[in-house]
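From just these sequences and the hints, can you work out the full model?
Same order as they appear, the protein sequences are chains C and X. Its first residue numbered 1, the first sequence is counted upward by one per residue in the UniProt record's numbering. Its first residue numbered 1, the second sequence is counted upward by one per residue in the UniProt record's numbering.
Note that these hints are calculated values from the structure, not bench results. Being a predicted model, the structure only gives us computed values, none of them experimental. Misleading hints may appear alongside valid ones.
[Claimed, not checked] Simulated restraints on C-beta separations:
| id | chain 1 | residue 1 | chain 2 | residue 2 | range |
| --- | --- | --- | --- | --- | --- |
| 1 | C | ILE117 | X | PRO56 | 32 to 38 Å |
| 2 | C | ASP458 | X | LEU27 | 49 to 55 Å |
| 3 | C | TRP342 | X | ARG50 | 54 to 60 Å |
| 4 | X | GLU183 | C | ILE460 | 24 to 30 Å |
| 5 | X | LEU27 | C | TRP342 | 32 to 38 Å |
| 6 | C | ILE215 | X | LYS91 | 42 to 48 Å |
| 7 | X | LYS19 | C | LEU198 | 36 to 42 Å |
| 8 | X | ARG50 | C | ILE215 | 25 to 31 Å |
| 9 | X | MET82 | C | PRO59 | 26 to 32 Å |
| 10 | C | PRO59 | X | LYS151 | 39 to 45 Å |
| 11 | X | LEU27 | C | SER510 | 52 to 58 Å |
| 12 | X | LYS19 | C | PRO59 | 56 to 62 Å |
| 13 | C | VAL485 | X | LEU41 | 48 to 54 Å |
[As the list claims (entries may be wrong)] Not the full set, but computed from the structure, chain C residues with beta-carbon under 10 Å of chain X:
| id | residue |
| --- | --- |
| 14 | PRO137 |
| 15 | LEU181 |
| 16 | ILE444 |
| 17 | HIS451 |
| 18 | PHE461 |
[As the list claims (entries may be wrong)] Here are the simulated BS3-like cross-link-like pairs (lysine-lysine), alpha carbons at most 25 Å apart as the crow flies:
| id | chain 1 | residue 1 | chain 2 | residue 2 |
| --- | --- | --- | --- | --- |
| 19 | X | LYS111 | X | LYS151 |
| 20 | X | LYS23 | C | LYS257 |
| 21 | X | LYS8 | C | LYS257 |
| 22 | C | LYS171 | X | LYS8 |
| 23 | C | LYS331 | X | LYS16 |
The C-beta atom is built at its ideal place from N, Cα and C for all residues, glycine as well.
Chain residues, written in single-letter form:
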Amino acid sequence: MSNHANEFRTCPATGLKVHMPAERLMYVYAVTAVVCLLLGGVMAILLALTRWPAIHLLPADLFYRFLTAHGVNMLIFWVVLFEMAGVMFASTVVLSNRLPAPKFGWLNFILMFTGVIMVNYTIFTGGADVLFTSYVPMKAEPNYYLGIILFAVGAILNCVHFLITLVIGRKEGYFQGSLPLFSYGIFIAVVIALFTLLAGAATYIPVWLWSLGVIPSIDAELYRLGFWGFGHSAQQINLAAMVSIWYLLGTLTVGSKPTNEKFSRLAFLLYLFGINLGSVHHLLVDPGLSNSFRVFNTSYLMYAATVGSMMHAFSIPSSIEIAQRAKGFTKGTFDWLVNAPWKEPGFSGMFLSLIIFGFGGGTTGVTQGTEQINMMIHNTLRMPGHFHVTVVGGTTLAFMALTYYFLPLVLRKNVIGMKLATAQIWIFGIGICIMSTGMSFAGILGVPRRHWDVTFADAIFQVPFSATATTMLGVLGIGGVMAFVGLLMFCLIAAISALNPKSMPAKMESHTPQYAKN
Amino acid sequence: MSLATPDKNWWQPLDKDEKMWLKVCLLVALGLFLMMPLFHLYGKQNPPTRSYRVEPAQYKELVDKFIEENAVRDEDGDIVDMEGIPVVEPKEGVKDIYLLSQKWMFTPILKLKKGVEYQLHMSSLDLNHGFSLQPKNINFQIVPGYDQVLKITPRDSGEFYIICNEYCEIGHHTMIGKLIVTE
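Here's what the structure looks like:
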């Protein structure tokens with residue numbers, strides 16, 4: 001045990017001990033994540049400018065190719081890689097714990113990195129124009145599936161590493177008692193990640209074999225069921241991670257304390273048990289499933305997770321209010337909120353993310369998951385209108401806000417321009433809201449998603465979509481441009497800060513387990 | 001502090017406010033989850049309940065037979081078409097009607113009667129496709145290997161379009177069909 005004592009530094013701001021091998025791994029995960037975000041973002045702006053009818057930028061083949069790249073890089077690579085850094089942070093730094101197997105950690109990173117390269121190479125060389133969902137019998141080149149499998153295996157192993165880190169850390173006496181709430185939330189995210197990624201492996205491995213010609217055929221509906229067991233549950237990893245980050249940012253910016261640990265932890269548990277089966281809401285207008293199956297999974301189980309989110313939506317703002325009132329902001333009903341540290345990107349980001357996710361994403365998600373409403377929204381632009389306010393305005397915004405604290409506290413890099421960072425948060429958040437509004441209203445008017453040309457210029461019939469729908473696609477474009485400016489600002493601030501060769505000096509201090517038994 | 005280990009006895013009873021909020025949450029969830037089954041019982045528009053496994057070739061035969069028997073014909077006995085797609089008007093008493101989707105067309109063009117109940121079969125010869133009836137905006141998934149049956153009764157007459165809203169490779173955005181409802 002003691003031979004690891006010299007591998008730690010002390011964080012000057014929090015006093016937490018940072019295990020240096022973990023710091024290096026978190027650095028590579030976070031940097032790779034931001035590179036994927038930038039790549040996905042460049043794709044995003046090209047797509048938005050294509051769906052804006054006045055511009056209609058890309059040709060059809062590139063539109064579908066870049067749509068594939070956008071989906072995979074954003075929904076899988078950016079969020080999962082960032083979460084891998086977060087997972088390591090929650091199990092080591094937060095607990096002043098050591099990373100027991102750094103080499104294993106590097107192996108996992110290399111697996112995931114190889115996956116990212118293989119998938120992107122296959123997409124951009126034209127071998128996988130199958131979109132993010134790659135519904136069989138549409139076929140991509142085998143390397144596309146293999147890349148995703150390698151990425152998923154790396155992520156599974158990294159989740160296992162997280163669990164091992166907790167077990168060994170407790171055994172060696174680095175920490176004791178219950179996990180802090182943030183680490184507990186990340187623990188829930190890891191458990192969701194494990195069954196999600198196993199579903200992903202069970203779906204992609206047969207498809208990979210099929211693309212190699214080993215398996216003759218795959219049932220198209222079964223694939224859809226398996227895929228969404230992976231694809232939607234993956235969003236619940238984001239959800240649990242995002243909510244954990246809200247709690248964390250509340251603590252970092254106003255010093256808030258969970259109002260009731262039991263309340264918050266039960267809410268996390270509801271995510272764990274409710275949501276995986278709730279993924280069936282992707283199949284509400286599919287053949288092959290009975291109505292009772294659909295109603296049971298989407299209504300009875302999805303609403304369990306909804307209750308979880310509503311509990312957090314109460315607990316987080318009230319903990320902030322209590323912390324603010326304790327500081328003396330007691331006048332009137334909203335004095336505490338008006339005088340919150342809005343100039344800090346962490347607070348602005350956390351609050352904006354909470355509002356956008358809750359009011360924009362949560363409410364639309366719950367209603368769209370109803371069978372009858374689903375008939376009106378399935379595969380229309382209302383769908384991306386919904387998930388861009390959950391996974392982008394919610395999760396990505398929270399991750400961005402956290403990055404501004406992650407950089408100095410964990411990676412020892414000074415953030416250039418905290419004011420600029422706060423502006424970035426607002427530009428990005430508002431841009432996404434405008435874009436989603438455009439998407440949602442165009443979708444309500446029937447405009448399909450994943451569609452290159454809704455004027456049907458090359459088709460045998462032309463559908464007259466209303467002028468309102470066209471206007472809404474313009475709103476989508478304007479919001480997209482604004483969000484892209486915000487994204488670019490984020491990548492620039494993060495890159496210039498992280499790539500600065502000058503780190504803050506590490507205050508190396510010997511650290512041995514506090515609660516060791518002997 | 002969400003970063004600190006909680007007190008040993010963190011399993012504390014909920015506060016008055018928390019209890020009240022929890023009740024509100026549970027009531028909302030209860031309302032939501034009664035809504036869906038109740039709409040099945042009392043609502044007029046519900047997702048289809050019938051579907052079958054079917055081989056694409058087998059489904060093609062059913063569609064061909066349906067077109068042969070019900071197609072609109074001119075005085076020479078040739079099938080009337082629009083842009084090369086046969087127009088089919090189900091004969092009196094024919095309930096089961098068929099729509100075939102393949103890259104990148106819907107066959108046939110259906111001519112239905114207002115107020116008559118039909119069983120609309122949908123399946124695909126190749127990839128996943130989408131059935132999106134515009135401007136009514138009703139959407140269903142078409143999956144190869146499965147025959148999904150919609151019970152429909154047209155309530156308005158006029159011309160409607162079926163657009164494919166599931167990506168089906170490069171020609172996806174040209175895939176469009178027509179549905180005509182007569183008085």
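Status of the hints after comparison with the structure:
1. C:ILE117 - X:PRO56: 32 to 38 Å: Hint holds: Cβ distance 37 Å, inside 32 to 38 Å.
2. C:ASP458 - X:LEU27: 49 to 55 Å: 52 Å, holds
3. C:TRP342 - X:ARG50: 54 to 60 Å: 56 Å, holds
4. X:GLU183 - C:ILE460: 24 to 30 Å: Distance hint for X:GLU183, C:ILE460 holds at roughly 25 Å.
5. X:LEU27 - C:TRP342: 32 to 38 Å: Since the Cβ atoms of X:LEU27 and C:TRP342 sit about 34 Å apart, the hinted range of 32 to 38 Å holds.
6. C:ILE215 - X:LYS91: 42 to 48 Å: With Cβ atoms ~44 Å apart, the hint holds.
7. X:LYS19 - C:LEU198: 36 to 42 Å: 37 Å, holds
8. X:ARG50 - C:ILE215: 25 to 31 Å: Holds: the Cβ-Cβ distance is about 29 Å, inside 25 to 31 Å.
9. X:MET82 - C:PRO59: 26 to 32 Å: 29 Å, holds
10. C:PRO59 - X:LYS151: 39 to 45 Å: Hint holds: Cβ distance 41 Å, inside 39 to 45 Å.
11. X:LEU27 - C:SER510: 52 to 58 Å: Given about 55 Å between the Cβ atoms, the range holds.
12. X:LYS19 - C:PRO59: 56 to 62 Å: 59 Å, holds
13. C:VAL485 - X:LEU41: 48 to 54 Å: 50 Å, holds
14. PRO137: Cβ of C:PRO137 sits 6 Å from chain X, so the hint holds.
15. LEU181: 4 Å, holds
16. ILE444: 8 Å, holds
17. HIS451: 5 Å, holds
18. PHE461: Hint on C:PHE461: holds, closest Cβ of chain X at ~5 Å, below 10 Å.
19. X:LYS111 - X:LYS151: 16 Å, holds
20. X:LYS23 - C:LYS257: With a Cα-Cα distance of about 23 Å, the restraint between X:LYS23 and C:LYS257 holds, given a limit of 25 Å.
21. X:LYS8 - C:LYS257: At roughly 15 Å apart (the allowed maximum being 25 Å), C:LYS257 and X:LYS8 satisfy the hint.
22. C:LYS171 - X:LYS8: 18 Å, holds
23. C:LYS331 - X:LYS16: 23 Å, holds
Checked against the numbered hints above, the structure breaks none of them.
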